[in-house]
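*Asks:* Assemble the complex: chain A is given as a structure, and chain U must be docked to it using the hints.
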Amino acid sequence: MSTMSIGLSVFALMLALMAIRVPIAISMFVPGAVGYLMLSGWHPLLAHLKGAVYGRVAGYDLSVIPLFMLMGAFAVQGGLSKALFDFANALLGRFKGGMAMAGILACAAFGSISGSTVATTATIAQVAYPEMRRIGYNGRLATAVLATGGTMGVLLPPSVTLMVYAILTEQNITKMFLAAYIPALLAAVGYLLAIAIMVRLHPEQAPAARAASSGEVMQAAGKVWPILAIFFVVFGGIYGGLFTATEGSAIGTILTFAITLIRGDMNRPRFVNAVRSAAQTSGMIFMIFIGADMINAALALSQLPMQLADLVAHLQISPVVVMAGVMLFYVVLGCVMDEMSMILLTVPTLFPVIMGMDFFGLGGPDKALWFGILILTVCEIGMIFPPVGLNVYIMNGLAKDVPMAETYKGVVPFLITDAIRLSLLIMFPALTLWLVHRLM
Amino acid sequence: MNTPLSDATLDRVLDRLCDVSAAIGGTVLVAIACVTVVSVVGRAFFSHPILGDIELVQLGCAVVVASFLPYTQHRRANIMVDFFTAHASMRTQRLMDTFGTLLYTIVMALILWRVAVGGIDIKAAGERSMLMDIPLWLPYTLMLPGLALCVAIGARQTLVQIRTALHTEAHHEGEAA
Numbered sequence: 001m002s003t004m005s006i007g008l009s010v011f012a013l014m015l016a017l018m019a020i021r022v023p024i025a026i027s028m029f030v031p032g033a034v035g036y037l038m039l040s041g042w043h044p045l046l047a048h049l050k051g052a053v054y055g056r057v058a059g060y061d062l063s064v065i066p067l068f069m070l071m072g073a074f075a076v077q078g079g080l081s082k083a084l085f086d087f088a089n090a091l092l093g094r095f096k097g098g099m100a101m102a103g104i105l106a107c108a109a110f111g112s113i114s115g116s117t118v119a120t121t122a123t124i125a126q127v128a129y130p131e132m133r134r135i136g137y138n139g140r141l142a143t144a145v146l147a148t149g150g151t152m153g154v155l156l157p158p159s160v161t162l163m164v165y166a167i168l169t170e171q172n173i174t175k176m177f178l179a180a181y182i183p184a185l186l187a188a189v190g191y192l193l194a195i196a197i198m199v200r201l202h203p204e205q206a207p208a209a210r211a212a213s214s215g216e217v218m219q220a221a222g223k224v225w226p227i228l229a230i231f232f233v234v235f236g237g238i239y240g241g242l243f244t245a246t247e248g249s250a251i252g253t254i255l256t257f258a259i260t261l262i263r264g265d266m267n268r269p270r271f272v273n274a275v276r277s278a279a280q281t282s283g284m285i286f287m288i289f290i291g292a293d294m295i296n297a298a299l300a301l302s303q304l305p306m307q308l309a310d311l312v313a314h315l316q317i318s319p320v321v322v323m324a325g326v327m328l329f330y331v332v333l334g335c336v337m338d339e340m341s342m343i344l345l346t347v348p349t350l351f352p353v354i355m356g357m358d359f360f361g362l363g364g365p366d367k368a369l370w371f372g373i374l375i376l377t378v379c380e381i382g383m384i385f386p387p388v389g390l391n392v393y394i395m396n397g398l399a400k401d402v403p404m405a406e407t408y409k410g411v412v413p414f415l416i417t418d419a420i421r422l423s424l425l426i427m428f429p430a431l432t433l434w435l436v437h438r439l440m
Numbered sequence: 441m442n443t444p445l446s447d448a449t450l451d452r453v454l455d456r457l458c459d460v461s462a463a464i465g466g467t468v469l470v471a472i473a474c475v476t477v478v479s480v481v482g483r484a485f486f487s488h489p490i491l492g493d494i495e496l497v498q499l500g501c502a503v504v505v506a507s508f509l510p511y512t513q514h515r516r517a518n519i520m521v522d523f524f525t526a527h528a529s530m531r532t533q534r535l536m537d538t539f540g541t542l543l544y545t546i547v548m549a550l551i552l553w554r555v556a557v558g559g560i561d562i563k564a565a566g567e568r569s570m571l572m573d574i575p576l577w578l579p580y581t582l583m584l585p586g587l588a589l590c591v592a593i594g595a596r597q598t599l600v601q602i603r604t605a606l607h608t609e610a611h612h613e614g615e616a617a
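Sequence order for the protein chains is A and U. With my numbering, letter number 295 in the first sequence gets 295, and the count goes up by one each step, no holes. Heads up, my numbering is the position in the second sequence plus 440, with the first residue counted as 1.
Honestly, the hints are just simulated from the structure, not real lab data. Treat the hints with caution; some may be incorrect.
[To be verified] Listed next, the stretches of chain A that the computed footprint assigns to chain U, with coverage defined by at least 3 CB atoms under 8 Å from CB atoms of chain U:
no., region
1, 13-24
2, 62-72
3, 241-254
[Claimed, not checked] Derived list of chain A stretches under chain U, where covered just means 3 residues or more per stretch with a C-beta under 8 Å from a C-beta of chain U:
no., region
4, 42-56
5, 280-288
6, 332-338
[Said to hold, decoys possible] In silico EDC-like links for lysine to aspartate or glutamate, alpha-carbon gap of 16 Å or less:
no., chain 1, residue 1, chain 2, residue 2
7, A, Lys-96, A, Glu-204
8, A, Lys-50, U, Glu-567
9, U, Lys-563, U, Asp-573
10, A, Lys-82, A, Glu-216
11, A, Lys-50, U, Asp-561
12, A, Lys-223, A, Asp-265
Backbone N, C-alpha and C define an ideal beta-carbon position, used for all residues, glycine too.
So that you can see chain A by itself, here it is in the shape it has in the complex:
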């Protein structure tokens, strides 16, 4: 077998294993190990494995993942989501569809301190969903709004997916964080507009507006200070160059714990729950890391990524068309795979292809940031895109009275705004890069 065909077989075997319910990490590891074996033999494989796993998991940059997971878990257990939602609702309640908009804002704010999209969706939805139904929102709109709002967690720092991309492509994590804000802001604006339009077209989906008194607003504002404090200390420090992302995550973890403890929202069972949920999620992520490392080592030996980069570079296709093709590929792949595995699997192969092409004359690091944000935007879309939108599943688990098909119908307007945003981000890299250039 030629090295190329071994590379392709490795890929095919991986897909086959995934299709028969083998855990994704193992579906990547086994073909990777077999391919490595065929390409270079038993001894090199054993020698590779001696150091590879330790090398992968012992990383200073990598420690941001478990640390931010733990910080987010403390925030979830400490009940910070209710304060956020109440405040957002006090601000926006005066508009028709205001509580739905508050759901979007609360997701954005909670996503800004939690690295997990799933945790963001679930935490905000637990608070917001019963409230929305109680005052008369219909199930389709309520579930769709919260499932969509949670997707912003993919983009907003400290998103794990974002950190994984930065670590994988050796980008500066702080720059990567900064690049995400304007695209995330565009997402939020798009969603709010979509809600405003929908409740005008279908007034029966949302109850009448109810403005909060200024007293209520003040009272609600008094309870959100912990989240603001955590956000400004951690990210202010990171962006202000006072400390690294890892240091920020450590400070954030201790700070979040201290604040929830002082507020009386932290106790022993909650602490244990937080550590366990961080353990479970981090374990899952690192397992995929280990598997993806193995398959990527084999693919690199087969020179498949280089050949692919070469092939694409010699095709006379405009780079923007290639980019659109890559995005489409991600949407399709996202239908069957989760976002994290998708990035760990494809980025090592596709990144060199993209870096080898010219896009609007962007320099290397800029191109890497821009491509990262584009992939993450597609990942966001994948979280609510049928047939397997992870966030729609989570919402369905929380809101059993609404059929999943209803939620999928409800997310269509949001998918339209996402598609518009993705096109804008592809056409205008400045949207991604402006803030990075401004502040770094």
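*Replies:* Frame of chain A; chain U shown alone:
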């Protein structure tokens, strides 16, 4: 033949070990966070950071991850794709899951073995970290209990799945007869 009592005891012990492993990982993670915070505060206010805090974080991270892995498998939280098999029978799905767990166990056993050998080689070579002069075989060694527990929990889950499959099979045949 195992008596049901010893089975239950074994499961309890494994459950407990996975919890303890997650707790150890959590403790190391919190310790990493504390060291880092102390170092940042020291640097900011006393211009006296902890020299080599980066190394501690790095080595600690390996221990944290290895300690978290068995808990993830214990909770069966290693994600897989169920899109293609959503309409397959329960029996087929269970068979596939058994195969998946078996593969997991083999992979973890391979990793356990290689990390152990890697640690031995590094000890022989006398490699130490640059700033704090920590012997590098230490984090390798500290990863081993977590990885060994992954193998144990994987093997246990595989066995239970095979036994359940055989049991239901026998049950079905009994019904047919």
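*Asks:* Does each hint fit the structure? Answer for all of them.
*Replies:* Hint by hint, here is what the structure shows:
For the region 13-24 of chain A, the assignment as covered by chain U holds, since 8 residues bring a beta-carbon within under 8 Å of that chain's beta-carbons and 3 suffice. Here's how the region 62-72 of chain A fares: 5 of its residues keep a CB closer than 8 Å to some CB of chain U, so the rule of at least three is met and the hint holds. Only when three residues or more bring their CB closer than 8 Å to a CB of chain U does the claim for the region 241-254 of chain A stand; here the count is 9, and the claim holds. Residues of the region 42-56 of chain A with a Cβ under 8 Å from some Cβ of chain U number 6, which satisfies the need for three, so the listed coverage holds.
Coverage of a stretch by a chain is defined here by at least three residues with a beta carbon nearer than 8 Å to that chain's beta carbons; for the region 280-288 of chain A and chain U the count is 8, and the condition holds. Chain U is given as covering the region 332-338 of chain A, and this holds because 4 residues of the stretch bring a CB closer than 8 Å to a CB of that chain, at least three being needed. At most 16 Å may separate the alpha-carbon atoms for a hinted pair to count; Lys-96 (chain A) and Glu-204 (chain A) meet this at roughly 11 Å. Pair hint Lys-50 (chain A) plus Glu-567 (chain U) holds up; C-alpha atoms about 15 Å apart against a cutoff of 16 Å.
Distance hint between Lys-563 (chain U) and Asp-573 (chain U) is fulfilled; the C-alpha atoms sit about 13 Å from each other, no more than 16 Å. As the CA atoms of Lys-82 (chain A) and Glu-216 (chain A) are separated by approximately 15 Å, the hinted pair is consistent with the 16 Å bound. Among the hinted pairs, Lys-50 (chain A) with Asp-561 (chain U) is consistent with the structure: their alpha-carbon atoms are about 9 Å apart, no more than 16 Å. Of the supplied pair hints, the one linking Lys-223 (chain A) and Asp-265 (chain A) holds, its CA atoms being roughly 13 Å apart against a limit of 16 Å.
When held up to the earlier numbered hints, the structure conflicts with none and fits them all.
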